[in-house]
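Trainee: Residue numbers (the numbering used here), protein chains in the order written: chain A, 1 to 323; chain B, 1 to 323; chain C, 1 to 332; chain D, 1 to 332.
Treat the hints as calculated values from the structure; they're not laboratory data.
Backbone N, C-alpha and C fix where the C-beta goes; we use that ideal spot for every residue, glycine too.
Check each hint, because a few of them may be wrong.
Within a straight-line C-alpha distance of at most 35 Å, the following computed DSBU-like cross-link-like pairs (lysine-lysine) qualify [what the hints assert, rightly or not]: (1) Lys49/D with Lys32/B; (2) Lys232/C with Lys260/A; (3) Lys260/B with Lys203/D.
Partial list, derived from the structure: chain C residues whose beta carbon lies under 8 Å from chain B [said to hold, decoys possible]: (4) Ser66; (5) Met82; (6) Asn103; (7) Ser112; (8) Trp289.
Each chain, letter by letter, is given below.
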Amino acid sequence: MSTGEHERYLLHQMLRIRRFEERCAQLYQQEKIRGFLHLYIGEEAVATGVMEALQPDDAVVATYREHGHALARGMDPGVVMAEMFGKLEGCSRGRGGSMHLFDSSTRFYGGNAIVGGGLPLAVGLGLADKMNHRSRVTTVFFGEGAVAEGEFHEAMNLAALWDLPVLFCCENNLYAMGTALERSESQTHITLKAASYEMPAWEVDGMDVLAVEDAARKAAESVRSGGGPHFLELRTYRYRAHSMFDPELYRSREEIEEWKQHDPIEMLRRRLIDDAALSDEEWTGMEKTVDEEIDEAVEFAEAGNWESVEDLTRFVYSEAVGP
Amino acid sequence: MSTGEHERYLLHQMLRIRRFEERCAQLYQQEKIRGFLHLYIGEEAVATGVMEALQPDDAVVATYREHGHALARGMDPGVVMAEMFGKLEGCSRGRGGSMHLFDSSTRFYGGNAIVGGGLPLAVGLGLADKMNHRSRVTTVFFGEGAVAEGEFHEAMNLAALWDLPVLFCCENNLYAMGTALERSESQTHITLKAASYEMPAWEVDGMDVLAVEDAARKAAESVRSGGGPHFLELRTYRYRAHSMFDPELYRSREEIEEWKQHDPIEMLRRRLIDDAALSDEEWTGMEKTVDEEIDEAVEFAEAGNWESVEDLTRFVYSEAVGP
Amino acid sequence: MTQLMTDRETMTYREAMREAMSEAMREDERVFLMGEDVGRYGGCYAVSKGMLEEFGPERVRDTPLSESAFVGAGIGAALGGMRPIVEVMTVNFSLLALDQIVNTAALYLHMSGGQFNVPLVVRMATGAGRQLAAQHSHSLEGWYAHVPGLKVLAPGTIEDARWMLKPALEDPDPVIVFEHAGLYNMEGELPDSRDGADITSAKVRRRGDDVSLITYGGSLPKTLEAAAELEKDGISADVLDLRVLRPLDRTAILETVVRTHRVVVIDEGWKTGGISAEIAALIAEEAIWELDAPIGRVCSAEVPIPYARHMEEAALPQVPNVVAVARRLVGG
Amino acid sequence: MTQLMTDRETMTYREAMREAMSEAMREDERVFLMGEDVGRYGGCYAVSKGMLEEFGPERVRDTPLSESAFVGAGIGAALGGMRPIVEVMTVNFSLLALDQIVNTAALYLHMSGGQFNVPLVVRMATGAGRQLAAQHSHSLEGWYAHVPGLKVLAPGTIEDARWMLKPALEDPDPVIVFEHAGLYNMEGELPDSRDGADITSAKVRRRGDDVSLITYGGSLPKTLEAAAELEKDGISADVLDLRVLRPLDRTAILETVVRTHRVVVIDEGWKTGGISAEIAALIAEEAIWELDAPIGRVCSAEVPIPYARHMEEAALPQVPNVVAVARRLVGG
Ligand SMILES: Cc1ncc(C[n+]2csc(CCOP(=O)(O)OP(=O)(O)O)c2C)c(N)n1
Ligand SMILES: Cc1ncc(C[n+]2csc(CCOP(=O)(O)OP(=O)(O)O)c2C)c(N)n1
Ligand SMILES: [Mg+2]
Ligand SMILES: [Mg+2]
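Using the sequences plus the hints, can you model the full thing?
Mentor: Below, the structure is given as structure tokens:
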């Protein structure tokens with residue numbers, strides 16, 4: 001591998017996610033995308049770094065803020081975009097939208113819009129793996145806001161008690177909608193909570209994709225080799241509003257600007273340039289590739305079809321297979 | 001106060017609870033008491049000691065295993081017994097039974113048969129006190145089994161976050177029905193959990209009524225004087241079955257016998273005798289007083305009336321008071 | 001005297017609800033609002049926007065994501081002498097608080113033999129129609145209306161949004177208020193009918209003789225539209241707004257049946273076992289011989305609500321469905 | 001070959017359920033049981049007694065008191081290829097798991113556009129009648145039956161307790177099984193009708209022409225008693241056991257209506273907005289002209305279930321109530 005190849009790959013991944021979501025924001029203004037749209041902009045290093053640590057047959061459980069995870073996990077941007085357009089060609093046939101991306105081929109288990117709701121599910125996936133002696137890792141992403149939910153507590157305890165192969169990834173972006181961490185938790189050191197379940201836990205700079213990857217690899221390997229559940233607190237920040245309806249009364253412009261100084265993409269790009277591992281042409285090329293990929297995704301979505309209304313009541317129950 | 005007077009009083013209180021419940025068990029066999037009956041026998045030091053630390057206008061929230069708490073809080077044994085008989089003269093008019101003892105005059109808020117269900121309620125009582133700048137303490141009792149419930153986690157965090165005057169009393173009797181603590185919690189040191197909410201927490205020998213009283217006084221005083229919520233883990237043991245339907249397959253006779261060596265009543269009695277603070281006559285007198293009180297309670301319950309079936313749909317909504 | 005918005009002739013449903021809360025908080029120190037993002041964020045549907053500034057963070061209290069605990073804390077605070085308004089963002093998340101609402105709030109007075117009542121108001125947004133997909137589109141009013149011990153309100157007009165909260169807060173028992181999210185932007189005049197506001201009666205929103213359209217909440221505007229459509233065909237529809245889902249105003253329901261002898265129930269809840277079922281059952285029990293046609297129900301299809309707009313529209317009750325069923329009953 | 005209890009002619013409902021689970025676990029490695037006290041304690045109603053010894057603690061898995069997490073873990077395990085049977089001790093505690101059941105299990109297939117089905121069985125005891133008071137006496141089957149994506153079963157006979165689990169486990173989607181706690185001790189013969197066992201149809205338990213008694217679960221024995229009583233008066237009752245509460249067997253319901261033209265629905269749930277309402281509504285929509293009498297409902301009174309025996313009895317549907325209502329309908 002040439003110097004910096006892997007880093008360039010990570011940069012590329014993050015850039016894909018960033019540009020994809022910037023386009024989503026535009027498309028939301030154009031009313032191509034509707035409903036709730038939660039952007040991950042600023043947090044790309046987390047999903048990108050963690051996914052590097054996973055194997056194809058590992059499982060991923062995410063939240064409503066999951067475009068980045070879906071792309072980093074290898075889902076096709078066209079299929080994801082089509083989902084957000086509500087098209088039949090979308091990963092969930094347009095039934096789910098932005099908050100409910102699913103993909104069985106990459107074991108991407110959603111896309112859950114109930115805060116904390118994915119945690120017990122991840123525990124169960126881990127339980128199935130353990131009962132079948134499979135060395136797979138189930139990785140579950142959730143925000144620091146979810147930590148206050150009872151489901152978090154119950155899921156953490158169960159995973160630790162039963163020693164299940166689950167990697168808990170807490171994306172601490174400091175806010176749950178408009179509620180700052182210190183107004184939501186009496187103890188703001190989230191890793192201390194993991195300790196209260198006897199679960200190994202590390203704080204990670206979630207703006208540094210290499211640090212994230214490194215921590216995730218170590219944690220995932222430990223989980224995979226029977227070390228029981230692990231917990232990562234990934235400290236990050238969302239630049240954009242919580243969703244498209246948020247007046248952002250709860251934080252200052254300055255705070256946002258300050259975090260942007262640590263932008264995961266810009267930081268890695270500068271690092272690579274400083275290390276002479278990224279030329280201007282390479283960067284421009286990367287941007288171009290990404291833009292083309294996204295253009296294609298949008299075209300794919302645009303060209304997609306609306307599901308027939310006659311199919312409305314399908315997928316409530318499974319359909320009989322075979323003759 | 002003459003030497004040992006207070007200790008004799010505590011002994012008397014514990015004996016009342018013990019004998020009351022022994023009678024309940026008999027009455028259950030006689031089918032005078034029906035439904036679920038959860039005995040507190042072996043755990044009397046906990047309720048007795050903690051109640052000593054409370055003021056008349058403090059509040060108490062308990063579980064379905066709450067006869068001891070009701071009596072120690074000052075509820076009339078006749079009224080409690082009548083409730084278990086299902087009589088109109090019962091504290092809850094016979095609507096509640098053993099699991100739902102309530103008493104507004106002593107601010108005894110039940111009697112909750114949902115494990116963990118009383119915790120949020122206690123938080124709310126504390127919130128009302130805090131918002132009204134009242135220096136009252138709300139004490140909530142719950143088993144170690146409840147610690148696994150999401151409601152525990154949410155309530156602990158809320159109380160600590162908002163700095164509410166609540167005293168959390170975890171009665172760790174090592175089992176939740178048939179589930180031993182180590183099969184229910186990944187981290188069996190329960191006070192560590194309290195720490196994860198930044199809540200002061202102490203382990204207390206729940207078989208030693210003086211130790212309980214001492215810890216409860218310190219904790220309650222701290223809570224009352226604005227020190228925020230406190231947590232006590234009271235280590236104790238139930239001698240009897242979980243309820244009257246339990247075959248007790250999950251623990252050994254020996255374990256029970258061993259705990260009985262630390263019986264709270266017997267230990268205090270011996271201590272008082274050794275200190276020459278309790279004569280044989282005094283003890284016999286105490287037993288007699290207690291037995292008489294319980295006889296009276298049973299008579300009161302027996303003599304009580306059945307509520308009229310015509311009143312069935314009362315108490316679903318409040319009744320208009322006065323014109 | 002209460003302060004009213006008098007500089008404008010109209011207000012939105014959202015503003016009406018905000019005014020109602022603010023007025024209650026001005027008049028009664030015991031009243032406070034608590035819930036996720038009611039304060040700094042201004043409310044997920046901006047209902048409480050500006051209230052933090054007026055009342056401060058103690059009385060407009062942001063909570064962590066802990067539906068069970070903060071609803072339970074509302075119960076406790078009510079028992080402790082306060083008059084809490086607990087906002088659960090949406091009915092979808094209220095599933096996490098159901099234990100407290102059903103096993104504690106609803107049962108408490110009864111279990112204590114009448115000793116402890118729980119004067120609590122729980123508000124929540126409900127309903128679909130904004131492409132929020134399956135987990136954010138429930139209409140579970142029917143579940144709540146099934147539970148003795150609760151009172152369940154569904155203001156469907158600006159007037160009711162403005163005036164129903166006060167009697168709800170004065171009620172000694174737990175009251176659940178459903179606000180259809182699609183109504184918040186609805187704008188209109190506010191009649192100063194506060195004295196007439198009750199939380200016991202259904203109201204006829206339009207008089208008619210040919211068919212009764214029984215509905216509530218988010219389906220009320222659609223139903224009124226359908227009634228206007230029907231008028232064009234010469235069918236005069238009686239529109240009954242239930243307003244109160246528990247206890248139901250049986251008299252009003254039976255009266256409209258007697259008036260028109262034909263009934264369509266319109267409800268955004270899933271059809272099977274929803275509120276619409278109870279209305280139909282009540283009529284089948286108590287006024288069956290009054291009917292000149294089978295009872296019609298226009299409800300959501302038996303499917304989780306899909307994201308795609310055309311699919312969502314197809315899943316929900318719409319004006320043409322109401323019109324078609326009403327026509328069929330009148331014609332048949 | 002499966003091992004069957006053959007040394008006895010009769011078995012209890014409890015044993016039937018235990019046999020069904022044990023058989024499934026013997027035949028399919030993917031099946032396991034998890035819940036509070038299913039193992040060492042032997043099950044709160046002793047249903048799983050002895051199973052720990054046969055299958056070990058991995059497959060008869062005691063859980064902490066964490067209803068939401070272990071039900072959710074059941075969903076995850078199902079997605080991970082297992083066939084979990086999750087026991088929630090009683091419907092009362094299932095309120096703590098409703099978010100997982102409704103917002104995840106029921107919606108998952110749909111939200112994923114058909115990609116992920118959830119082959120999960122959740123069993124729970126339901127009902128009142130044993131003086132357990134308000135928090136331990138709910139009958140919320142109607143709530144579950146309201147939710148698309150779930151299938152809801154209510155075995156009311158020993159036969160169904162024995163044979164319905166297998167098709168439930170074979171079903172690709174989440175199935176909720178309600179076991180009325182009052183049935184566990186019921187003893188009777190077990191017909192070897194496993195091949196006839198389905199989870200789609202209602203069954204006529206007794207043929208009659210004068211009145212249809214429609215019921216399920218814990219109310220079935222009472223209803224059969226009532227039918228026997230009515231027989232003495234010369235009233236011949238058709239008793240329809242719904243067995244499956246979602247999806248309802250509409251054909252069977254309409255058939256019995258057509259046969260007798262008079263209907264009483266018997267349901268231990270509270271009357272307002274319960275299952276009984278849906279049955280009545282369905283008939284009022286689809287077979288109203290078949291009716292020769294108003295529909296009757298015999299349900300629980302609108303009150304939390306009281307502890308005192310005489311009060312509890314008065315709150316629940318009883319044989320004399322059923323008889324009285326049926327007589328009235330037939331006489332009237
Ligand atoms: C149970 C539940 N309660 C409330 C909401 C509304 N809601 C959606 S996202 C959100 C904030 C979650 O914050 P966090 O967990 O920190 O994740 P983030 O959005 O910051 O990524 C809230 C309150 C919800 N979806 N589910
Ligand atoms: C939410 C809920 N789940 C299950 C039960 C059934 N149950 C009643 S008591 C109990 C054990 C509780 O144990 P613990 O909290 O330790 O209290 P203890 O009985 O030991 O005093 C269980 C499982 C219940 N009442 N509530
Ligand atoms: Mg966050
Ligand atoms: Mg215990």
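Trainee: State for each hint whether it applies.
Mentor: Hint check:
1. Lys49/D with Lys32/B: Since the Cα atoms of Lys49/D and Lys32/B sit roughly 29 Å apart, the hinted pair holds (cutoff 35 Å).
2. Lys232/C with Lys260/A: 60 Å, violated
3. Lys260/B with Lys203/D: 55 Å, violated
4. Ser66: Check passed: Cβ of Ser66/C comes within 4 Å of chain B, closer than 8 Å.
5. Met82: The hint holds - Met82/C has a Cβ within 8 Å of chain B, the shortest such distance being about 5 Å.
6. Asn103: 5 Å, holds
7. Ser112: 4 Å, holds
8. Trp289: 28 Å, violated
Of the hints listed earlier, those the structure fails to meet are numbers 2, 3, 8, in rising order.
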